Amino acid sequence: MKTQARLLSLALLTLAAACSSKGDDKEDAGTVAVVDVCNSREEALTLDECELKPGETLERFLAKEGAQREGDQDWYRIVLPANTTARTLLNLNGVYVASSTAVQLSLTVLETLPDGKEAALAKKDDKHGQGAPKPVDMVLPLRADLAGKTLLVLVQDSPDVVSQPKFDARSPYRLTARITENPDTNEPNDAMAAATPVALTSAGGVLTGTATGYLATDNDVDRFTFDVPQGKVLYVGLTAPDQGAVPNWRLSYQLLRPGFLTKEEKEDEDQVRPGVRPGVLATARKVKEAKYGGKWMLVVRGYRGISDRDTASGDIQQAYQVDLRVLDEADAQDSRVVDGVVVGNDKVADALARGLTAPAQDLATTIPAGATTTFTGRLGYIGDEDWYEVKLPASGVPTRLHYHLVPKSEGGRFPPLPDVPDRQVLVFTLVSKGANIEAWRTACLSDNAECPKGYGENPDIAPLVQDYCRRTDLPAPMCLHSLREEVSENPRFVNLSNFRGVIPVPVFAGERRYLFNVQDNGVGWADDKDYDLVVTWREEDADEVGRYSGGVEQVVTKAMASTTAFPAPPDTAEYSVSGRLSHGYGRLRSGDDRVNGRGVRGPMDYDAVPSDVDSYLLTLPSVPAPEDRAWLVQWEVAKTPDGGTAHGLALDLTFCDGDAAADGGVTPDAGIENCAVVRAGSRNQGLTLGYRSDALRAWHTPAGASASSLQPLYTLEERPNSTVVTLAPYACGCLEGRFVRGGKMRVDVSAAERNSYEQVNYTLRTGYGDYPQSYTRDGGVTTQCPGPADAGTPDPDGGVPPPPSGGCVFTRQP
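Positions -23 to -1, 1 to 791 (mature numbering (1 follows the signal peptide of the UniProt record, and there is no 0)) are the ones given, in order, by the sequence shown.
What the hints contain is simulated information worked out from the structure, not anything from laboratory work.
Keep in mind that a hint or two might mislead.
Cut-off 27 Å, straight-line C-alpha distance, at most; resulting in silico cross-link-like pairs (DSS-like, lysine-lysine) [said to hold, decoys possible]:
(1) K111 / K100
(2) K506 / K430
(3) K209 / K111
(4) K100 / K41
(5) K240 / K272
(6) K272 / K243
The calculated label-pair distances, taken between Cβ atoms and stated as ranges, are [stated by the list, open to error]:
(7) A766 / G663: 23 to 31 Å
(8) N651 / D671: 38 to 46 Å
(9) A672 / P547: 53 to 61 Å
(10) E241 / E735: 52 to 60 Å
(11) E488 / T343: 22 to 30 Å
(12) Q662 / V529: 25 to 33 Å
(13) A176 / T343: 34 to 42 Å
(14) T351 / D305: 19 to 27 Å
(15) N16 / N60: 45 to 53 Å
(16) T239 / N60: 37 to 45 Å
(17) S526 / N425: 40 to 48 Å
Predicted model, so just to flag it, every value in this text is computed and none were measured.
Even for Gly, the Cβ is constructed at its ideal location relative to N, Cα and C.
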């Protein structure tokens, strides 16, 4: 058949195929006769229809004529221009435009060797399996010796089983070749010895340099060199500007230290995450050691996966930009010289130490110089840590230590690194109780007086606390007292608003030292901006100091008084105790709040002492049976000067069971002698009162009660200068008879949902009355709390009747 006739037939068959239905995923037998051309090297080199001309697109079928369709190979020639050089690129693209095809398209580019044989310059396959076909796109760098020569292109199927090639007689593939100049003017710079030098010029006290490049060919590598002296900070920014589509490659880099010609030693590396545009990478590193001062190398390439097993396709449309800056160390603390040697403060042993002389008064607004200090620092490069030490003289009364980290605008000589910021402030003391370091570690781990632990609400923090006690790279076991961690994606904590805290300082002899560490926990972020760390030493409030005796905080004892008022006890001294909760970030009652953070407390924050705790021992009356009594509870917390709420309260309850045998001594942690302690309810959960606004089941709510019958257990009243919470009538607050017979109970008051470290007073009011009381259900129906059942009449023989049954079961947890 003549060439013209064959091409006409091919065009008509292509048109017919475009109108036909698609084949199945396995193979496609087709419904029309396919004219198969360009089946050999010889045809590729001699037939006009087998020349692939730059800029023109061919549409062909990968299927043989006749009964056996599979195993087709199509061969084409490309005649290179006479001005081909090492900067000339061949861009070959093959694609099935159909949504499905059994063929896994494979393209191979071959050159003819002097002996007449072919050698592959490049090969690429579309292994799409059962998915939609993908384009096969390759960009090849050519050579000057290929000028005017002919290359061959082999198109075939790349089957998963070599002996079972597929075909497609319904959907044609499209094949396009383009010849262009490499847009990267730095090429060739793939080899170590051919790296492109970047000149650095001085501007505003900073050495800067820029470069632009393209990763135009498959697995292209671009190298750049520049000089960085010892003691300087190097910033490297790498950007692939957004052009409206994800590039063919994922931008990646390696930063190599001096000496790379003999040994590649990486200082840093990173890659853009999949599907992200624009691609932005950056790092900042300090050249600390003299051996690393000199010529550094930046290696830019497309990310090729683990062990470089993937192909990074070239992209002649997408440029990247390099931004280099060599900076002086701007953190005065990191340039600190001791005995003629620059030591900085990156290590705990090199912490910048300052001493305070005396605590400021409790509520003083003007702080004496000897009670406060401000450290100024900055996180100027990856891995930068700042350590500070505050020394306190001996104190015979309890005090407290405030800290607050304030970010500032000074600095910022380069953009913040693109990693997620994860700044931290950690506060430690060194533990040295015992005869040797092993005893120190034991004390750090298990002696709560030496190292308090406060991870009851955040057990996930326990390994971190314990790790600091066990670490061998520190001068001594370190007790973690406080941790604040940045929550960059949570709008509650903008501008590091949770980076403050108040730490209780117990009575101590000699000198007490607190260490502060400012760092980025993710070790991949820095912003080169100043911050202030303000540390202030204050006296404890008079209420707290007054509770101390013999170096130990004492429990306040008070008799619980009776009242006919309900539901709130009278606002008089007979029913009231008052105090102030001066330290700790406070408890969080809600599980969601512990996960997301609330108030002053971020989700990963930690305080070894979560809250100041004021303890009250309430003596209960001796009353005739049935001893059940109504229990009235109300608390009031003053507002801050601006009208805000500093914190709420949580009341932890400890009862004494008068019907159980006591242990004969002081129960650990209870502080109540001769008491059979009850701290948990029927579900073994703690007995704690704390405000919640939602409707809940009370202890007396029937198991089958509907949700619409539930009510809040507390009422809240916002007064001009305070917030008042009262145990609601629906809660049926009561003292079980066994507890009245026990004669005493303990209430531990702590801060909850703290929003501010402002010092405010609270008042707790409590009393007892007749039981049962009543509450109003929806619809206005008055309902009585469960009362004790009638015990019956005495036995005729004068025996003692059984005690009443039912009544108050306040510890029942529905």
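Does the structure keep K240 and K272 at a Cα separation of 27 Å or less? This hinted pair holds, its Cα atoms lying about 13 Å apart.
Holds or violated: K209 with K111, Cα cutoff 27 Å? Violated, at about 47 Å.
Going straight from one Cα to the other, do K506 and K430 come out at no more than 27 Å? Violated. K506 to K430 sits at ~33 Å, over the 27 Å cutoff.
So does T239 sit 37 to 45 Å from N60, Cβ to Cβ? With Cβ atoms ~39 Å apart, the hint holds.
C-beta pair A176, T343: status relative to the range 34 to 42 Å that was hinted: Since A176 and T343 have Cβ atoms about 55 Å apart, the given range 34 to 42 Å is violated.
Using the Cβ atoms, figure out if N16 sits within 45 to 53 Å of N60. At roughly 32 Å between Cβ atoms, N60 and N16 fall outside 45 to 53 Å, so the hint is violated.
Given the hint of 53 to 61 Å, is the C-beta distance from A672 to P547 inside that range or not? 28 Å, violated
Using the C-beta atoms of T351 and D305, is the stated range 19 to 27 Å upheld? 23 Å, holds
Pairwise beta carbon distance, Q662 to V529, judged against the given window 25 to 33 Å: For V529 against Q662, whose Cβ atoms are near 29 Å apart, the range 25 to 33 Å holds.
Distance restraint between K100 and K41, which requires alpha-carbon spacing of 27 Å or less: With a Cα-Cα distance of about 22 Å, the restraint between K100 and K41 holds, given a limit of 27 Å.
Outcome for the supplied range 52 to 60 Å, where the beta carbon pair is E241 and E735: Holds - the Cβ-Cβ distance for E241 and E735, about 57 Å, lies within 52 to 60 Å.
With the threshold set at 27 Å, check whether the alpha-carbon distance from K272 to K243 stays at or below it. 13 Å, holds
Comparing the model with each earlier hint shows violations of hints 2, 3, 9, 13, 15 and 17; every other hint is respected.
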